[in-house]
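K.L.:
Letter by letter, the chains look like this.
There are 2 protein chains.
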Amino acid sequence: MVQTVQKHTVIGQRVPDVDGLAKVTGQAQYAADVKLPGLLHARLLRSPYAHAKIKRIDGSRALQLPGVKAIVTGADFPQASRTAQVPMGEVEIGMYYMSKLMMARDKALFHGHPVAAVAAITPELAEQALDLIEVDYEPLPVVLDPLEAMKPEAPLLHEDVFTQGLAGRSERPSNLALHMQLDRGDIEAGFKTADAIVEHTFASQVINPGYIEPDADTAMVYPDGKIDIWPNTRGIFFHRNQVAVLLEIDPGRIRVNPTELGGAFGGKMYALLSPICVRLSEKTGRPVRITLDRDEVLRATPPGTQAVISIKIGARKDGRITAMQGHMVYDAGALPGSAVSAGVLSGFAPYKAPNMKIEGFDVVTNKPRVGSVRAPGAPVSCFATECVIDEVAEAIGMDPLEFRLKNAVETGDPQPNNISFTKIGLKELIGHALKHPAWTTPLPEGKNRGRGVAVGFWRGGANTSSCHITVTGDGTVHLTVGTVDMTPARTGFAQICADTLQLPLEKVRVKMGDTDTVAHSDNTGGSRTTYTMGTAIYLASHELIQQMKQRASQRLGVAPEHIEYSNGVFHVSDIQDKSISFKEIALLSVRGGSTLLARGTNPALKAAPAFCLHIVDVEVDPETGKVTILKYTACEDVGRAINPTMVEGQMQGAAVQASGWALTEEMMFDQQGVLRNPTLLDYRMPTALDVPMIATEIVEVPAEDGPFGARGVGEVGVVPVAAAISNAIYRAAGVRLRTLPMNPERVLAAIKAKEAAKKESKR
Amino acid sequence: MVQTVQKHTVIGQRVPDVDGLAKVTGQAQYAADVKLPGLLHARLLRSPYAHAKIKRIDGSRALQLPGVKAIVTGADFPQASRTAQVPMGEVEIGMYYMSKLMMARDKALFHGHPVAAVAAITPELAEQALDLIEVDYEPLPVVLDPLEAMKPEAPLLHEDVFTQGLAGRSERPSNLALHMQLDRGDIEAGFKTADAIVEHTFASQVINPGYIEPDADTAMVYPDGKIDIWPNTRGIFFHRNQVAVLLEIDPGRIRVNPTELGGAFGGKMYALLSPICVRLSEKTGRPVRITLDRDEVLRATPPGTQAVISIKIGARKDGRITAMQGHMVYDAGALPGSAVSAGVLSGFAPYKAPNMKIEGFDVVTNKPRVGSVRAPGAPVSCFATECVIDEVAEAIGMDPLEFRLKNAVETGDPQPNNISFTKIGLKELIGHALKHPAWTTPLPEGKNRGRGVAVGFWRGGANTSSCHITVTGDGTVHLTVGTVDMTPARTGFAQICADTLQLPLEKVRVKMGDTDTVAHSDNTGGSRTTYTMGTAIYLASHELIQQMKQRASQRLGVAPEHIEYSNGVFHVSDIQDKSISFKEIALLSVRGGSTLLARGTNPALKAAPAFCLHIVDVEVDPETGKVTILKYTACEDVGRAINPTMVEGQMQGAAVQASGWALTEEMMFDQQGVLRNPTLLDYRMPTALDVPMIATEIVEVPAEDGPFGARGVGEVGVVPVAAAISNAIYRAAGVRLRTLPMNPERVLAAIKAKEAAKKESKR
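From first to last, the protein sequence lines are chains A and B. Residues in the first sequence are numbered from 47 upward in steps of one, following this note's numbering. Residues in the second sequence are numbered from 47 upward in steps of one, following this note's numbering.
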């Protein structure tokens with residue numbers, strides 16, 4: 047674990063965003079701000095069918111339109127092989143399906159699937175040209191529901207997708223791409239010893255990451271074959287390597303330049319637009335940009351996975367869980383690769399259970415291919431599990447928090463995949479919540495009110511981050527990082543650098559490098575960025591101090607080991623007045639052999655598991671079914687808060703976003719697979735009016751690895767929200783909501799059904 | 047000395063420019079190509095007087111012109127103090143005079159001296175606005191001739207310039223800023239022992255560096271105070287630090303971004319436009335660009351120094367030089383700081399002389415402040431010396447090359463400043479020339495033809511260069527350098543990197559970094575770039591191999607010291623088949639702790655002295671005085687030719703440029719100090735029609751320091767050209783030309799004077 051003995055001067059401080067001013071004044075450069083001479087604008091022609099054979103594409107009439115410069119179709123791109131992969135940290139990401147997703151070849155697999163692209167001197171002309179492209183489609187039957195899609199008689203999406211099952215690969219092609227299973231102990235025996243068993247099935251809908259900045263990508267191919275790309279991406283290196291594989295060219299030809307991100311929330315990970323821009327630039331010799339409009343973002347960029355999950359949990363009267371069983375069907379959309387494995391690993395993670403069985407299914411349907419949305423797969427798995435946990439506690443007459451505390455995992459306990467937890471603080475977290483006023487104080491007076499609680503878990507990621515540091519003659523430190531910034535990571539970076547160098551924050555400037563000038567870093571995502579880059583920065587800062595000690599020893603005429611550094615001054619041990627300042631050495635670093643450049647990269651780190659616990663008070667309107675959040679309290683073990691304000695921002699933002707998934711957000715497809723609500727008016731994300739101020743409780747149980755014990759805080763906060771609200775609704779209205787979103791229609795229907803049942807029982 | 051045992055695979059090869067294609071296809075980005083939203087265009091108001099008090103500047107009417115956004119005058123800038131300096135390598139460059147040169151305050155010191163600047167939405171509007179700025183001038187008497195300016199009764203330019211003399215600072219202010227002197231032995235005694243003494247006075251005119259790309263600078267000040275600059279500069283770090291001093295701000299606020307240079311030849315060194323752009327951007331909140339037109343470039347950017355030099359040399363009949371004396375007056379233009387010291391150190395450097403006395407004078411006149419033009423100060427000092435050497439040889443009846451060989455300096459001999467030469471190859475060079483057909487074969491048949499020879503010397507610079515290297519998964523090497531590229535340095539860099547890494551050239555990509563992302567490097571200039579950066583690249587490449595050996599040792603399971611590297615493969619010593627490739631390690635370098643970033647910076651290096659010897663055959667037209675170069679042969683000790691084609695290009699380009707200084711180039715000022723020939727039609731640089739193909743002879747006597755023995759080749763080639771041509775003219779037409787340029791008028795006048803003298807003597 048990376049630690050330091052010095053007193054922290056900047057870490058733990060609530061400093062404002064270092065990049066705030068540039069952003070609020072409009073100076074920050076986003077992907078669509080990139081200015082290039084002779085820029086062409088491209089638009090995508092998208093399939094009007096959710097499932098159709100493409101028999102012919104003819105762009106000749108479109109090409110005759112003055113101002114139209116080039117057209118590409120699937121035929122202009124190689125099909126990545128099944129073995130074509132792109133490394134990300136320890137794993138390899140397959141590109142076979144990505145190259146089908148980027149642009150349809152023989153088949154359109156979802157409504158909005160790109161089939162061609164046009165580059166023209168204006169976006170309007172490109173749009174016009176799309177209407178002139180002739181495509182002959184042969185519509186095919188559509189399947190949208192993952193359970194339907196699993197049936198043998200269902201329309202088959204792919205001839206080349208087979209079920210990877212427990213007993214190897216299936217004989218015939220199937221819409222079921224993966225069947226996985228985790229086992230522990232003897233599940234049947236476990237249920238036999240249970241005094242109470244609860245089993246229910248839960249469902250969620252497709253959701254959208256909901257970032258505000260639409261996707262924009264620009265590429266320029268130079269005559270010597272070098273390529274510059276300015277994409278919307280969370281990872282410049284992963285992006286570069288994807289483009290290289292998707293176009294079958296050397297990554298060394300490509301430079302990816304980072305831009306600011308106007309939100310991603312798991313999106314903006316796959317290089318689906320850049321290869322098209324590159325090909326169009328190759329054909330025209332001019333830079334080409336694709337900017338999606340809101341309709342396209344909602345219809346055709348990777349959304350969050352939909353799932354149908356059955357959970358069965360048994361416990362003894364003494365509160366011990368004896369068995370947990372899950373059956374989790376995840377809808378991948380048009381191509382395999384849902385977040386099913388994350389779902390399988392998350393739901394049961396918080397609990398010690400001697401016997402476990404979790405089955406996971408990855409199914410394809412004629413909907414947009416899903417992507418990784420904030421804590422991909424975990425919220426719905428947690429929703430199902432934590433609702434059943436709540437019912438089991440009720441069934442054995444135990445306080446829901448006490449029940450969770452009794453079964454809570456501790457450091458060293460096995461995760462569902464039987465890998466042991468590194469240092470975790472779940473028990474501390476629940477203990478904290480048990481004493482917290484948000485839990486101990488009674489609900490404020492009022493009818494139809496209830497309080498719910500749920501626990502959330504996210505494994506977190508690690509992978510690789512790199513940076514390097516240079517110094518200006520005035521002692522200003524320039525930190526260049528290889529990760530793309532998603533606010534507010536940059537501020538934490540500056541704090542870790544300034545703190546380690548014992549300098550004031552304003553002496554540190556953070557900048558994103560491009561893929562040519564900085565060492566490899568993996569994506570910003572998986573709550574891994576501050577966790578790993580923080581370590582890299584810490585190491586680079588210490589290397590800088592070592593380099594400067596060398597210079598200091600030359601100037602002060604003593605061996606480096608006798609030089610000490612503190613607060614901007616290098617001095618000879620025990621001789622305070624024999625010293626030279628950080629700034630003086632920086633000023634001297636222009637002399638031959640004395641220049642300063644320090645680098646840092648994190649060693650292989652164990653992921654830091656993160657837990658949170660949310661407590662929510664709601665009021666349910668029995669007339670309309672509307673759920674109002676009265677009070678929300680998010681408790682989280684963040685390991686170490688580098689900047690409490692930023693950490694709280696992540697906790698609050700997560701609670702707000704997931705409350706939308708819980709109550710209002712839903713991508714509504716008609717029977718033909720056409721999205722009916724492709725606007726932010728109809729796709730209802732929460733606004734400031736929908737949520738109260740979110741109270742936050744930071745608990746700090748230092749992680750085993752990572753800078754100063756920090757854990758990733760970007761994702762776990764979305765995980766327990768739906769469950770906590772569902773459990774609160776039950777206590778407010780006596781109904782268990784098991785389908786997301788829990789919108790007024792569903793809540794009202796549940797209330798009506800309950801009343802009807804009551805009448806029934808009265809007869 | 048940096049050396050390597052491996053066989054060279056890329057070094058010494060005649061590979062084409064790695065950046066050639068980008069440049070010929072117009073993709074290379076020059077300063078005026080920088081595209082920024084909301085760009086404002088600034089124009090400079092320049093003094094119509096060469097010498098005048100500025101009593102009042104009123105921009106109010108100009109500001110009322112719609113589209114005009116801001117105006118600045120001298121009052122908007124701090125006056126840098128006398129102690130304000132900017133480090134360059136081992137020396138400090140004073141900014142006191144630069145801040146006066148950038149924009150006139152109380153006084154305009156030359157015709158074209160900037161007095162105000164206007165920023166507007168178009169260049170045309172800015173130009174219009176200049177006419178609306180009211181300036182009250184009080185014209186003052188003008189002095190243009192350096193000898194006149196030295197007289198006590200001459201108009202005084204500065205109240206604050208005193209003579210720094212041998213006996214300290216003068217009582218009263220003076221136009222003579224510096225009087226320096228070098229002494230060796232007993233000069234009078236030396237002349238007493240001479241059998242022949244020749245003494246003459248020589249003069250040159252002001253010349254222009256003659257770069258084709260006019261100066262352009264763009265700056266943007268962001269709301270948070272950070273500043274981006276895209277200048278025309280030969281040194282991004284020196285530029286950044288100049289701007290910081292001239293505006294009295296922290297350099298850490300400023301990022302300087304490199305652009306391609308369309309020639310500099312010593313120009314584009316001082317940050318005279320950027321501070322004005324920065325101030326105007328501060329006032330407007332928008333990016334501001336200044337682009338000079340050709341007229342401004344010729345009138346007001348720093349030209350090459352004019353000098354009046356008297357040389358007296360004595361020798362014995364046996365060919366030994368007994369004494370050398372020089373009196374060198376250099377015209378600095380409007381502010382002190384001519385190249386006098388370089389002149390003083392150059393002229394006599396090739397010769398062993400027991401007794402030496404050289405006096406140098408730095409004088410101000412009402413002409414544009416001079417800058418450093420290719421080998422600043424040396425060509426004119428060499429012109430005077432080498433012409434007198436030629437006459438002395440004649441006087442004692444000795445072959446001019448044998449005479450030079452007899453007195454040529456060798457390794458360890460003292461330079462004029464009595465610092466010993468490191469390893470040099472002058473004797474080898476002269477020996478080579480003595481046997482060369484260009485010298486041994488008789489002149490081709492024809493009248494009025496003659497052959498001349500001269501030796502040139504340039505000390506060369508060292509200072510600091512830094513770079514770093516990253517690697518892409520396909521094994522492509524990305525080299526980021528801190529120096530600005532002046533073709534073809536980049537190609538040599540790629541060769542040194544590829545050669546050291548034992549990779550094919552195409553696997554190396556070279557890129558200029560900005561001041562935030564790469565370690566400090568000094569200016570490109572002083573023939574130092576390949577010399578020092580080559581060393582930095584060599585060291586960085588070796589560090590990369592070491593880093594990769596570490597990774598290889600982990601993969602191959604043996605200690606790093608047992609890993610050997612050759613031709614892209616790391617293998618276990620003596621076990622060729624137990625190996626891992628460069629590319630494989632690159633691919634693995636995305637794993638935690640394994641990323642690759644290698645840095646290099648040169649240690650303090652001794653400058654590598656460079657000598658060249660030129661042989662020229664000319665024909666003189668007695669009717670017109672026109673001199674035609676029949677044949678030109680440039681011999682040079684380059685130490686080691688990294689890329690012979692590029693080296694020959696430098697040698698040929700230098701000969702062509704200096705033949706213009708010798709024969710046609712001259713900035714013509716009228717009595718009021720107004721330039722009369724501010725166009726490239728009237729300022730006559732040589733064209734392809736004016737020069738024959740230049741033959742080149744590369745001699746390689748490895749330098750003591752520097753990569754693979756290479757010496758700087760950028761400058762020395764201009765030094766002996768005028769002298770060689772003058773000596774050739776003498777043998778063709780019997781007249782000694784001692785004033786540059788040796789244009790038809792002067793040559794014809796000399797011929798007529800000689801004929802008149804002949805007639806006279808006949809009477």
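Hints are supplied without guarantee of correctness; some may be wrong.
The list cannot tell twin chains apart, which means a pair is met if one copy fits it or any two copies do.
[What the hints assert, rightly or not] Lysine to any residue pairs mimicking SDA-like chemistry, simulated, CA-CA at most 25 angstroms apart:
id	residue 1	residue 2
1	K69	Y268
2	K272	Q548
3	K805	L676
4	K69	G496
5	K595	P649
6	K805	L447
7	K329	L85
8	K493	A802
9	K595	G639
10	K329	P187
11	K473	S599
12	K493	L735
13	K363	P460
14	K672	E437
15	K481	A741
16	K69	G84
17	K81	G308
18	K398	G477
19	K652	G639
20	K272	L727
21	K358	L727
Just so you know, these hints were derived from the structure itself, not from any lab.
K.L.:
Each of the hints needs a verdict: does it hold here or not?
P.N.:
Now for the hints, and whether the structure bears them out:
{"no.": "1", "hint": "K69 <-> Y268", "verdict": "between (31 angstroms within a copy, 11 angstroms between copies)"}
{"no.": "2", "hint": "K272 <-> Q548", "verdict": "between (41 angstroms within a copy, 22 angstroms between copies)"}
{"no.": "3", "hint": "K805 <-> L676", "verdict": "neither (31 angstroms within a copy, 118 angstroms between copies)"}
{"no.": "4", "hint": "K69 <-> G496", "verdict": "neither (41 angstroms within a copy, 71 angstroms between copies)"}
{"no.": "5", "hint": "K595 <-> P649", "verdict": "both (24 angstroms within a copy, 17 angstroms between copies)"}
{"no.": "6", "hint": "K805 <-> L447", "verdict": "neither (33 angstroms within a copy, 123 angstroms between copies)"}
{"no.": "7", "hint": "K329 <-> L85", "verdict": "within (13 angstroms within a copy, 30 angstroms between copies)"}
{"no.": "8", "hint": "K493 <-> A802", "verdict": "within (21 angstroms within a copy, 125 angstroms between copies)"}
{"no.": "9", "hint": "K595 <-> G639", "verdict": "both (14 angstroms within a copy, 24 angstroms between copies)"}
{"no.": "10", "hint": "K329 <-> P187", "verdict": "neither (36 angstroms within a copy, 64 angstroms between copies)"}
{"no.": "11", "hint": "K473 <-> S599", "verdict": "neither (50 angstroms within a copy, 43 angstroms between copies)"}
{"no.": "12", "hint": "K493 <-> L735", "verdict": "within (21 angstroms within a copy, 99 angstroms between copies)"}
{"no.": "13", "hint": "K363 <-> P460", "verdict": "within (24 angstroms within a copy, 100 angstroms between copies)"}
{"no.": "14", "hint": "K672 <-> E437", "verdict": "within (23 angstroms within a copy, 107 angstroms between copies)"}
{"no.": "15", "hint": "K481 <-> A741", "verdict": "within (15 angstroms within a copy, 91 angstroms between copies)"}
{"no.": "16", "hint": "K69 <-> G84", "verdict": "between (27 angstroms within a copy, 17 angstroms between copies)"}
{"no.": "17", "hint": "K81 <-> G308", "verdict": "both (18 angstroms within a copy, 23 angstroms between copies)"}
{"no.": "18", "hint": "K398 <-> G477", "verdict": "within (17 angstroms within a copy, 91 angstroms between copies)"}
{"no.": "19", "hint": "K652 <-> G639", "verdict": "between (38 angstroms within a copy, 13 angstroms between copies)"}
{"no.": "20", "hint": "K272 <-> L727", "verdict": "neither (42 angstroms within a copy, 39 angstroms between copies)"}
{"no.": "21", "hint": "K358 <-> L727", "verdict": "neither (38 angstroms within a copy, 92 angstroms between copies)"}
The structure shown violates the earlier hints numbered 3, 4, 6, 10, 11, 20 and 21.
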